[in-house]
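Starting from the structure of chain A, add chain B where the hints point.
Going line by line, the protein sequences match chains A and B. Those letters in the first sequence? Residues 2 to 664, per my numbering, in order. Those letters in the second sequence? Residues 2 to 664, per my numbering, in order.
Source of the hints: derived by calculation from the structure; they are not laboratory data. Fair warning: there could be bad hints in the mix.
No distinction is drawn between identical chains; accordingly, a pair holds when it is met within one copy or between any pair of copies.
[Stated by the list, open to error] PhoX-like mimics (lysine-lysine), calculated; alpha carbons at most 25 Å apart, straight line: (1) K343 x K107; (2) K108 x K251; (3) K17 x K417; (4) K148 x K401; (5) K17 x K185; (6) K343 x K104; (7) K417 x K320; (8) K445 x K17; (9) K109 x K251; (10) K342 x K148; (11) K17 x K57; (12) K320 x K34; (13) K57 x K34; (14) K445 x K212; (15) K400 x K148; (16) K343 x K320; (17) K445 x K400; (18) K320 x K107; (19) K440 x K57.
Letter by letter, the chains look like this.
There are 2 protein chains.
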Amino acid sequence: MESQEGGRRVIIEGVKPEIDGGRFPIKRATGDKVQVEADIFTDGHEAVACVLLYRKEDDPDWSEVPLTFLVNDRWRGYFVVRDIGRYRYTLQGWVDRFQTWRKDLKKKMAADQDVSVDLLTGAALVVAASSRAADGDCARLLAWAEKLQSGADPEKAVRLALEEDLAELMARYPDRRRSTTYAKELAVVVDRPRARFSTWYEMFPRSCTDKPGSHGTFKDCEARLPHIAQMGFDVLYLPPIHPIGHTHRKGRNNAPQAGPNDPGSPWAIGSRDGGHMSVHPRLGTLEDFRHLLARAQEYGLEIALDLAFQCTPDHPYVKEHPQWFRWRPDGTIQYAENPPKKYEDIYPFDFESDQWQNLWNELHAIVRFWIDQGVRIFRVDNPHTKPFAFWEWLIAVVKKEFPEVIFLAEAFTRPKVMYRLAKLGFTQSYTYFAWRNTKPELVKYFSELSQTAVCEYFRPNLWPNTPDILTEYLQMGARPAFMIRLILAATLGANYGIYGPAFELCENTARDIRGEEYLHSEKYQLRDWDINHPDSLKDFIARVNRIRRENPALQNDGSLRFHPVDNEQLICFSKHTEDLADIVLVVVNLDPRHTHTGWLELPLAELGLDPHQPYQMHDLLSDARYLWYSGRNYLEVNPHVVPAHIFRLRRRVRTERDFDYFM
Amino acid sequence: MESQEGGRRVIIEGVKPEIDGGRFPIKRATGDKVQVEADIFTDGHEAVACVLLYRKEDDPDWSEVPLTFLVNDRWRGYFVVRDIGRYRYTLQGWVDRFQTWRKDLKKKMAADQDVSVDLLTGAALVVAASSRAADGDCARLLAWAEKLQSGADPEKAVRLALEEDLAELMARYPDRRRSTTYAKELAVVVDRPRARFSTWYEMFPRSCTDKPGSHGTFKDCEARLPHIAQMGFDVLYLPPIHPIGHTHRKGRNNAPQAGPNDPGSPWAIGSRDGGHMSVHPRLGTLEDFRHLLARAQEYGLEIALDLAFQCTPDHPYVKEHPQWFRWRPDGTIQYAENPPKKYEDIYPFDFESDQWQNLWNELHAIVRFWIDQGVRIFRVDNPHTKPFAFWEWLIAVVKKEFPEVIFLAEAFTRPKVMYRLAKLGFTQSYTYFAWRNTKPELVKYFSELSQTAVCEYFRPNLWPNTPDILTEYLQMGARPAFMIRLILAATLGANYGIYGPAFELCENTARDIRGEEYLHSEKYQLRDWDINHPDSLKDFIARVNRIRRENPALQNDGSLRFHPVDNEQLICFSKHTEDLADIVLVVVNLDPRHTHTGWLELPLAELGLDPHQPYQMHDLLSDARYLWYSGRNYLEVNPHVVPAHIFRLRRRVRTERDFDYFM
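Next up, chain A with everything else stripped away, as it sits in the complex (with noise of 0.2 Å):
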């Protein structure tokens, strides 16, 4: 035991955030803050000062912020990160023995004791702290000490002792000989501030030709930019552009054999033309890319890739590296199955592999190619079926050097699977937001998604549609249907997506109504798409979107709260910034077919509103602005108009008491 082990007296516990004992980082984005709480305290009544620690993952040094109490020996303190990449904290606390004398002293005064040694004691303190200040402060410690021990005035050297200016000092100066830290630092990753707030189109580049039947190009590609910045999205994800295998291609609606003109899906990787670092040549070269990359940079749109870490058997790996798959005892490779289905147009990696290095090696490589063409947002595909570990390596590795890289995890599987995902280090994740449709659904999962720790590692990623998933909602309920989904996804979460042009098309023929499959899935046949429609929802997408870019409410997942309606069709939820400038409350009838209505009862205190005072809603979507006065209000909404309201909330309402003339 080391010889002050036994003097350490302060315990530090109960640290939040911290997930699974500090074992994964918290995530935040630049600017935002880390607010930390413990539980710090000491045996007996002397008084405890701690301290919150951080500092960036390879600086050596740490800073420091003092912590606040709060009750019950819940400390808090926060830390900004200013800079991408990963930081540390951890906390500190020691008995204050200065303060401590100085609240016993207060005491002893007002009870009339004497306290000549007190003074005494106190003059010591102070002569100790003076060791450990700078040149001027030891001069003016021990100048105070002087006084404090003079005795020749008890009164004056009590109001002495007692003064502010004393306790500031020698705040400065503690005694941290015996102080504790927490045994753990804990990590924080900071990325870009696209990680915590983004709004995502998904398009197939093949089907983006204006030439119907003619196969697309990043050419086309191009010509598409304005149409989707318009619609006031940042991110284009493009599923996979590499080369499509032919053996056990499939056809048009997953017919198990191809027609001759048949383009495959794209996620069938690997052909002669090559694999994973290629670029199918009916859509371009690789120049094309980058200058297609250089072309969305201008309109304000970073392109995002797919990461499908799967083979078709004409994959060159198959010839290169047979080792990475497994050998069925006929000789035959093992391609992907789910018992009784059959996928035998792809054989996934073996990760068991004894040659498994060289395999991560290998997918790093194809990562780190496309981040050398520009490329710094990935979309994975599948990653529940690939193994943990390599994930928390990939992404560790390539945000090691490239801290910018946002990962989307598109996994739908299991809540614990999804979870473990988003703490070993995925930016983003797809949800379960495609099948939460009733209001204590949506409660209870955003609930979850915003109110627990989850809300420190899991940043949902919302999305209505994909080319997988054209739910049943929307198949039934037309157009309302598909402006209800999206004002839900791009309020509800800071990050969401959806897949067009099918979406603002309101496209909804499934091709087996038993299923999410949509007819003539874009996944194996090319579409042609009028995005010009009459019909389409691109203006009230882009109107939705500005909304989003202008109320930073809307850029963060913590603040969601939702509020009770009367009516179980009638959601109501709100978001805000922290220091409440910005409030933004939704409300949607989920219902798009008839028109709702209920009350509404709003926490007017927690929104920083005095109850006494009317306050103006004004709804962004419709432009009009409602007065209200108490926290219940009555709400009716038309999906057949437009399905929802969103509020900003104005304090501020002009009455007589404001003209000039008042006074």
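Positioned in the frame of chain A, the structure of chain B alone reads:
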């Protein structure tokens, strides 16, 4: 990275119980179950197998039990702790390729697919398992493999492949090379059963004489043993029995000056007659004490001593070890104070002393001294005013040699501090019970103690009174109040105690009704108690304690559940054994003055009752029997008769169908 590291695909997380990330052990008594749950899963859709590993701490070899799947990736298993001391537990999981293969084979069969290659794959798995198998099993497995790959009769081969015998045999020889072991070895402290279930009686030896005015002795205590044993107690706790200081000795009713015959407070330890390893001469000799110990044992009573680590100015330590105290600038030793209160008769130890290691060792020597006399239970005075690290060390050192020792923490302080003391090793803890009198208070506090992780490490010991605490409730409520508080203590807590004879004689006169001190407190003077007074609660206490002994349901804390009654003065709760063989339902009228009635709602299914069958409620206090039918039942409790029911629930009620001739 190890060669298998990349192939370890199973994740283990969300382990319960696990206190503060494994920093502290959980607590059990011999014969208890340790039930462990965890989230265990892998990537993809393969089957997972997992086990719970446990061992005695000094046994290098793990035992293992399989875990059972619950839902949502959650698994559960348990082991029973048979020996006193410390155990460790952890978990291990792996991908079970044989189970995966078997599951897939079934699905393929159901879909009428060709499985000839699958049979070869299965045969290879069986051959591989044979190399891990014991001699006989090895041959059996090879025979199975032979049959699977014979190819002659595919239908037969498939039938054989799915046989349970093969699955069971394979389960014995899994491939665990790539298994994941949970990163922590969690600890269990296993105590003897008295740690979980004990009934305490606190008594001042010096007041237990039958000769009014004379100082009681250990011999007099012996004469009291039958009285205490008849009431059903099993621990007799004595306040400090050491020499009492003279300097600044307190007089009757805590007067600042003691009169010439005032005996002083037993907690003011140390005089020229000795310190913490000496016996107060007027109580007798060390030999007398050992004799009392032996006599108590004959009555099933275990003596608990008080550990009050503080000294009077007359304690030998003050001269022998001046460094163990804090010196003031005027050359005096710092006495205890809680400004403006001064305790000049008490010198606390200075745990920040440079000589802290000597001090710790000496305090350990004190405990060892009394262990050598035969004491195995200690009630620790104010542990929250000494460093946490000291207690953690002391308790660990003592229990390493004497794992049967029980430490009760007498800390009445803030919740985090109380819980920390329990976590770091105290076997039992005083609680806020004395100040929880209303139904909402009791429900909230005891739900926290019994239904959260607190239950894993904090064993409440409930005291309706102590020499320091005569609550308002007891001051005001007279005899029914004492009965109410006794029943609550004895049934809400598996461990409880009373300070007698004040309690059984319903002594309720406070020194000052604004406080909780007894008038003529035994802390400062001798008292004569008429233990055979006709109004004594001794027979009632004996009855309640017998009910506790006879009903194992009342010997645990974790099964406590509250049940709704539509009257705020009637509280109802149940406790049960794990197998529901013993279920006790307690109903208490919290109002000591008025009869109350109400309707109770019982969750029959949870209590293992058929909601369509009547059941019998046997009131163990009154011996009355009631026939109840549904979960909704009428209650009426008159506090002037007995303020409670303690029902034993008897499941079986005889009907005409039980008669021989019914058939």
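We went through each hint and held it up to the structure:
no. : hint        : verdict
1   : K343 x K107 : between (80 Å within a copy, 15 Å between copies)
2   : K108 x K251 : between (84 Å within a copy, 23 Å between copies)
3   : K17 x K417  : both (21 Å within a copy, 15 Å between copies)
4   : K148 x K401 : neither (56 Å within a copy, 53 Å between copies)
5   : K17 x K185  : both (12 Å within a copy, 21 Å between copies)
6   : K343 x K104 : between (75 Å within a copy, 15 Å between copies)
7   : K417 x K320 : neither (36 Å within a copy, 63 Å between copies)
8   : K445 x K17  : both (23 Å within a copy, 24 Å between copies)
9   : K109 x K251 : between (87 Å within a copy, 21 Å between copies)
10  : K342 x K148 : neither (88 Å within a copy, 27 Å between copies)
11  : K17 x K57   : within (19 Å within a copy, 33 Å between copies)
12  : K320 x K34  : neither (51 Å within a copy, 55 Å between copies)
13  : K57 x K34   : within (14 Å within a copy, 46 Å between copies)
14  : K445 x K212 : neither (46 Å within a copy, 70 Å between copies)
15  : K400 x K148 : neither (58 Å within a copy, 52 Å between copies)
16  : K343 x K320 : within (22 Å within a copy, 87 Å between copies)
17  : K445 x K400 : neither (33 Å within a copy, 47 Å between copies)
18  : K320 x K107 : neither (84 Å within a copy, 32 Å between copies)
19  : K440 x K57  : neither (42 Å within a copy, 51 Å between copies)
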